[in-house]
Amino acid sequence: MSVTFPPPADAGNVIKLAILAVGGQGGGVLGGWIESLARSQGYAVQATSVAGVAQRTGATIYYLEMAPQGPVAPVFSLAPAAGDVDVMIAAEMMEAGRAILRGFVTPDRTVLIASTHRALAVSEKMVPGDGIADADEVRAAAEVAARGLVLADFEAAALKAGSVISASLFGALAGSGALPFPVEAFEAAIRSGGKGVEASLRAFSAGREAALAGNVPAPVKGLPKTPGAARGPEKLTRGWQALADRVATLPGAVRPMALAGLRKVVDFQDLAYGGAYLDRLETAARADHGTDHAFAIAAAKYLANAMAYDDVIRVADAKTRPERLDRIRAEMGGAEVMQLTEFTHPRAEEVVSLLPRALGQTIMDRPRLLGFIDRRVNKGRRLRTDRLLPFLQLHMLASMRSWRPRSLRHAEEMAHLERWFTKALDRAPRDLALATATLQARRLVKGYSDTHARGLGKFDRVMEGIALVEGRDDAADWARRLTTAALQDEEGVALDGTLQTIRSFLD
Amino acid sequence: MAERSFKAEVADLRKGAGETFTGEGILAITKALLENGVGYVGGYQGAPISHLMDVLADAEDLLKELDVRFEANASEAAAAAMLAASVHYPIRGAVTFKGPVGVNVASDALANLASSGVTGGALIIVGEDYGEGSSIMQERSHAFAMKSQFWLLDPRPNLPSIVKAVGDGFALSEVSNTPVMLMVRIRACHVTGQFETRDNKRPPLSVREALAKPQRNVSRIVLPPMSYAQEHDKINNRWPAAERYIREHQLNEHFGPETAPVGIVCQGGMYNGVIRALQRLGLADLYGNTQVPIYCLNVTYPLLPDEFASFCAGKEAVLVVEEGQPEFLEQAFATMMLRSGSTTRLHGKDIFPMAGEYTGQVMKDSLEAFLRQHAPTLLPAQVLAPNTEAPAIPDLSKTVPIRPPGFCTGCPERPIFAAMKLVQKELGEHQISADIGCHLFASLPPFNIGGATMGYGLGPASNAAFDGGKAGGAEKRSIAVIGDGGFWHNGLSSSFGNMAFNKSDGVAVIVDNYYSAATGGQDVMSSRAKNPTKATNNPISKALRGIGIDWVKQVDRTYDVAGMRDILREALTTDTPGPKVIVASSECMLNKQRREKPLRSAAIREGRRVEAPRFGVDEAVCTGDHACIRLSGCPSLSLKKLDDPLRDDPVASIDTSCVGCGNCGEVAEAAVLCPSFYEARVIHNPSPFERRLNGWRQGVIGWLAKRRQSRRLSFEESAA
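Read top to bottom, the protein sequences are chains A and B. The first sequence lines up with residues 19 to 525 when you count with the working numbering. The second sequence lines up with residues 368 to 1087 when you count with the working numbering.
Chain B on its own, in the form it takes in the complex (with noise of 0.2 Å):
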């Protein structure tokens, strides 16, 4: 489990009516789940939607009280296959992940939900990552509702919206037999704000029970021919039903005048930015009081067409409001309005940009564009002619640099790259694939080590094409890495059983740290810890073993950089033939300071003997060539420039934050560097004999030392 707790986030999940609740909207989400009766939760760590799995993995008792079953699902295909129990059983359940590549993920769970339909209440609470910020490729989940036809809601980015829109979730879910997603772009799952909150609710019938009473319906297995009547049921029953629900609770809002010449049609999660637009164009208010209609769609699928028209009636022009690409809604609309024969100007992506995140600028320069076309008597003076001019602020394009995510100081994947490049400057440069995880960061400067990546856990299958390597006459074998997240998500069945069963002469490094550490530090089945709800400390190299994979070398210090270097030579040179896979292994330094700094403190405080190593530069021997950090990156090895006007260049420098883990003099030794890295070794609490010891040696060494400095020319510094 994470190397944090979260038992304060706990207390806040058992908050009974009329309590308000202060955080974050993620955490919101899992409290509005258990106050609606949901009967189980699962889903697949990853940012922004992390919170929920790591919050409930620690509320196991209040989950227990309320006979509510939760999974930390192997993948987001697992997690979505839960919600299978809905299908049969009028049990409300809840997964979630962070999309789209989650949801990439569960397509296939998702397609067949959706086809046999459900009869609880089945939400799939998805954290959009789009825009400033996001890991991941730019996309948009919605098309995922629109093939396999389940409703999409996009709340207004507000805690007491989301919470609403939980509930509301659960019941069209059930009113129209569809799963529904939930979907909250990143801001909105780390928005904080207040809601009032509710009593917790059991479920009606929970899991446990519903095991005792096994119930099927034909209808709902997606065979033909119940498969071609599903389609039809869709179409023919489900939508309607939706329909009806989304129209008669007005899951959709309106804001603004009855009348108007134009009006805004937003997603849910544009609404606060709008808004903001709208305040800073001085058409709407502090509490969102708008001189412009803005027609709010807090669901984004299906959309109403009788809504639509309505809203547009007696409108000149509407603006679609819709980021991401493809504009699904803008096109939708148009259809819409093309069978209806409407007159109303329809604008979307013809003046907003078709890619990229809505940031304030754009939502401003865009909404402001469609007011002067269309309703520019609405405008104040101030925007139509402003007076003020922007003063010449210097440019600092050419002055900052960028500033990309790296490894952590101490991260002991950092010594596995540092090697990797010292077998490339041996062997030649290698086709080298990546997967995703913390390791993926080696990409960048100053590793540069890695290209492809496919997918979570297809680091090795990205190089299916090399698999032939030398085997298959090539010079060269591939290299793939993997972490130990991506080995337990996909990595062992898609890439090392394609690997053993095509018999790839390629080599595979799998970075194993004891968790799933990008996505926060929550436990993998090979994890070290001791968890008492999940099955840990299952050796990656005995699964490995057990597909038929038998050159597995395993690593345990992964800072020996020169043993890193020899073992990974041996892969890519040895005759075995067969897959070659070498298991990393070293705790991420971050849940390991976390673990153990505070014990740390404590043993100090005691009075125990505790060593705490830390590495330093001697300037006087460093000479500024910074060969050391092209084969780190750490954040604590850093340069300083000298007071020294006889160097140009500024010198290596270890600052207070670092670990003491080592890389650094292993560097040095194994590519040869320099003798500038030194080891201190504070010894707290030492014992009596250890301190006579060292005080008999330090004072040898010093009266040595200062006998040869006085027979020799010593210099004051001073300013000149």
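Just chain A, with the same shape it has in the complex (with noise of 0.2 Å):
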């Protein structure tokens, strides 16, 4: 709502800052500093906050009024109403969200500083698929509903200056101008705190320089990054070469994924499968008769996450690589001497399934001798991975990938790949869409052991329910829907609700 009308006179002196947080961001701290900056600027002011159990990790308000000292003691309110806000600072995107939901923010008079940053809510993070909400929706919000706008991403400005955002967003409020104090009562409120002074200090210059630059624009979502010349041995480079030839005759619109999946299959096996990639990937643009090209697009992507699957091999792989300890050693700061632990649990299964593909089906055929071989692997194994030998195992698992195209957990996934694939191929002369959807219910295979078994038997119950709505004219839809329910909860309670709808319509 709006104030439809302004308040007496007298009564317009008062500032009205409420301060909207995430439990441990320091928001109890920021109210202290503007309080402190308000006395010594001679106002009266009132500062009050519910911090109760929400100090652990909720959703938090504080809430100050100041004006200047009269005759009396003025009468403050103790909480913030909705129109009633001069200054509105949100630590976080979605608390910025959250204070316009709640009518703290309005066009006639209220300055929103806020965050750009996020700090996940359990709900966003807790979905198998992407939960994460719109920020973008919050700052179209905030550009109607605040009379000033203030965003920057004040977290990142506090951790570069070595500090926490409290800092960072005071500095916002005094490069704001929404309060009539001088820049150097802001910095005297903090010095006058006597803790981490110094840290404080670098991030309110930031905080306030990033506020005096002005509202930073909605990044661009730019296109994402695409892999750019090969290096390696010459005879390498040719081969690549040679590929990256043939991803140039696809058509325009599809060759950034096509690049980008071969370079996936390549660094996964060898340039021969990547050969392999893109002589399914071309029936697959062959196939695509639309204007387009999506199924083509969905086909170089999901064929190249099915391609290169998650075995040990890949993991090996993974965390062997030199520039994964160049990353964590900066992450942490550039630390000299760094002990590092994998956390792993291999089950007998994928120990098995590294096996020949002959040898390999008769031990999983036979359960008693699976369960003996589990009995011996299965248990947890932390990997001192700065040392030599431990490393050294991963290094010699990770050299298994030439052995890898014989070994049973390739020959199971190709089976599974060719099954998918082909069923989309089939789909594609009638429904095109339906045959795009196909390929994307590959999204659900995902993860390791049980969560990988559960990925699969959703994808499988998601083929079920597409093969029950082929031929309908809305089964693309149908499909897509299906992928977004079993993307939403882990038991697959939202996907068995919407095979029941499809029944009931079918029946």
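A few of these clues could be false.
[Said to hold, decoys possible] So the derived label-pair ranges between C-beta atoms look like this:
#	chain 1	residue 1	chain 2	residue 2	range
1	A	Gln379	B	Asp917	41 to 47 Å
2	A	Gln379	B	Ser968	41 to 47 Å
3	B	Asp933	A	Met414	28 to 34 Å
4	B	Asp933	A	Phe390	45 to 51 Å
[Stated by the list, open to error] Subject to a maximum C-alpha distance of 20 Å in a straight line, what follows is the list of computed SDA-like cross-link-like pairs (lysine to any residue):
#	chain 1	residue 1	chain 2	residue 2
5	B	Lys1008	A	Lys213
6	A	Lys397	B	Pro660
7	B	Lys843	B	Tyr926
8	B	Lys870	B	Asp917
9	B	Lys1007	A	Asp152
10	B	Lys897	B	Arg961
11	B	Lys568	B	Pro527
12	B	Lys1073	A	Ile346
13	A	Lys213	B	Arg962
Quick caveat, the hints were computed from the structure, so don't treat them as lab data. In this text, all values refer to a predicted model and were calculated from it rather than measured experimentally. We put the CB at the ideal spot given by N, CA and C, even for glycine.
Given two chains presented individually in distinct reference frames, assemble the corresponding complex, making use of the accompanying hints.
So, in structure tokens, the structure goes:
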């Protein structure tokens, strides 16, 4: 709502400021600084909060009112009211959204200072798919709702300065000009706090500069990174060039995805494997009679993911690359000495699947033998990969790459891939959209051990569901709905519901 | 003791006459107690009054100087019972707890205290946890004052008023021989402001001196026939005495013009909200000068019929502003008006909502509705006919996720519930009850564990109907979760005594995090800290054995998820009769970090060897299923969207706030999740040998890795 009338002249001097933060962000510290700042500038000020248990990572609100010192003490309110807030500081993007939702940000008066970074809520993190809320919607709403808007990543600014977000937001408040106090007074408030003064002042300056720089525009969703030039032994680069040339013959819209996919499968196995990928992709491209090449693009993406499946060899390879160590070292602040422990838990299935196809299958068919192996293998194993022997273990496992095509796992993966890919190709002539959705269902196959098995189970059920709707005009819509539902929860409750709906209208 | 220091606050308590106190409401009350010659103070921690307890616990020297006894009582019942010292002795005493839950627990003692009546002033300071941000059921402590006949103060929410109420409360208590409850709402407890201090005052008679000269007064014993006499005494003597004092000392306040067509009667605690609404309606100024008369009840029980009648005289209508339900004040006023035949119209909950907090919006809408009905001429034209149109702001209700409180980063309770989730995957869902405390966060996603919460220390008792368990022929046993705070508050007697006596077959998990953590990290009987004034280091398992529970398993590292899971499984499947109790102990990470972080930084600065672990996720290995998050919910374990066009779902990612508790790795192992997690343990100030060994190792490892890299293709990253 908006304020429909101005407050009486002498009540208009009150500045009402609210802070919406996630527990643990230091909203109380920020409130304390603002309070001592206002007091030092001859203002009567009142602060209050409802910390309670919300301190523990929940959404928390702090509220301050201030007015020039008068003949007697002013009467301040203890809680913000919708449509009656002058300055709203949100220490996180969805908290900015919450402030708008609760009516604390209105176009006639509110200056909104918000950090664009995200601290994801549990509900966003726990879905098996992508449950992250849309920050762009909040940004769009903020542009309508706020009188003045200061948006920047104040979390990053604070971290860079070796401090916490309360300090950079205090700087943003100074930079916004929303309070009638000089910047020196802000800094004095930090100094009088006494703790971590230097780091806080650095973050304060960074926050203030970010605010003075004005709104940071929404990051343009640029094209994702794609592989550039390949380096390596000449024989290999030549082979790569031949494959890259084949990609160049594909329709332009397909090429970026095809190149990314090609790189993934070559990296996973070898150039010949990349050739096999392109064989399949070219088949898909030929079958794609649409104008937007959606089918071929989906094929480029999901063929690559299916061919570069997650096996122990790939994991061992990823964990023994030189750039990985450099990355971790940089993340940990460039430590000279660093112990590195990997948490692995192999089961008999993972070990047996590395064996040659026939032998592996023989063992798999004998539950008692498999159980015997499992009892010896199945336990949590921690590898100290900063030590030589454990590193060598993984290094050698990674070198089994050349062996991989003969393994049981490879045979299984390829059989699964062929069934799925053939199904999609079969559907292409009649219903290209459904064929594309069939390819996209592959997104469900991910993870390791039980997670992987559950993903396969969901994939199978989605494929069954797609078979049920095949031939209908809205088949592709239902197929997409099935995949989306399968990603909503772990147990597949939403998927069951969608399948039930499909069955109900088929009966 | 809490891993925080309150030295600065203690210094505030020493301020003398003419100095200015600046700070929080609850601390102002603490100071006011000392200024009013209190002889003893006690209470039980909980938001929003924990601060009073924490600061006094740190003010040992000052209290000794003033000859004031401070007790961190075992429960609210124990705190209220302590006021018995004021029954026979002319000593002022004060206790504090949160309302209404603490008042529920204390009600037995409070009822006895109220019947006995008091000689010395007895003050019960209740932090009323109602409205937004509250963690408890939404009720009013008001009813307790009415049923037991003690007086209820509800001062205006500013520091001078609250401080004055403390003195008024003691005086009112003494003059009417009745305990007085000082109710302060949660925001008023946390509100900051200033007041002019007075010198602290030693109690005229200290508890130390009283102990030397025991006194008793038979008429104050709650036994027939005295208990009958006490009821009559309340009505015939104490009540009129209280009314007289309230009237003569003008504890209730009047604001605004003498005559007006309408008036507002409000609880003291509602006053600021009323003024703000009037300000927004153009009827009051910044300093509270109002055009609508206000009768402000700083005492909400008892009510004064004559004061109310004279306020109503000549007014067409009055509006009662009374938060919460039922509307006790309004009902009482209605009775008064019916009896006196008053023609003034009474409004209250017919305009205000019956349930819920009186927010700024509710207050403004309701006052405006009342004034439109009875005094539209008072309202400015802009209010009567607003001419601005509200712009349409996009609806974000579907976008913004809810953000309930949860376990902190590195919390030792998380692995307990991860283990419980794993056990339930094996053995099926179980009947699980919970208690009060941090562990209750497990009832929310991602754990979704535990149902009933029947009160503090009552978790296992709330499973009593299921105590038969397998021994009673059922397929499964029930599980109860309780914290160490709840265990010592009421759990040992009410929950575990109940289990032992009834030969329960149930399972109970005691979450022992070394503190009363949810209330701010105060010490309890089993805390590991050395506390000079409190008896700590009493193992819970010893107490359990003492009441005849023999199947007690002690877990000393809850982060061992697999071990935790195995013990839970054993408890649920063993043939041993009787209660099965698991004591799961690991220190509260919030308090541990508060204690250890400064020590660690100092050690690093001084050049001593320090290991600093932190976890990470290999994003090339993580497939973005988030199974790890469904077994964790740790704030530092979040998600990240990759710049890879081949990936649909965000991958797990651990930020710099990780404290390296180990839960991620343990869960990945125990639940056979994935090999994405790694622990990087940075060694600060390594020994020269360690440095050389590491250099040699990294040299070989780097050579091996680079050699392989040089024999394969690698790709440069570049934007398309």
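Taking the hints in turn, this is what the structure says about them:
1. A:Gln379 x B:Asp917: 41 to 47 Å: Violated, at about 51 Å.
2. A:Gln379 x B:Ser968: 41 to 47 Å: Violated, at about 57 Å.
3. B:Asp933 x A:Met414: 28 to 34 Å: Once the Cβ atoms are compared, 33 Å apart, the range 28 to 34 Å for Met414 of chain A and Asp933 of chain B holds.
4. B:Asp933 x A:Phe390: 45 to 51 Å: 22 Å, violated
5. B:Lys1008 x A:Lys213: Given pair Lys1008 of chain B, Lys213 of chain A is violated - Cα atoms ~35 Å apart, limit 20 Å.
6. A:Lys397 x B:Pro660: Distance of about 76 Å is beyond 20 Å: violated.
7. B:Lys843 x B:Tyr926: 26 Å, violated
8. B:Lys870 x B:Asp917: Roughly 11 Å between the alpha carbons, so the hint for Lys870 of chain B and Asp917 of chain B holds.
9. B:Lys1007 x A:Asp152: Distance ~14 Å between Lys1007 of chain B and Asp152 of chain A Cα, so the pair holds.
10. B:Lys897 x B:Arg961: 16 Å, holds
11. B:Lys568 x B:Pro527: 18 Å, holds
12. B:Lys1073 x A:Ile346: 16 Å, holds
13. A:Lys213 x B:Arg962: 16 Å, holds
Hint violations for this structure: numbers 1, 2, 4, 5, 6 and 7, all remaining hints satisfied.
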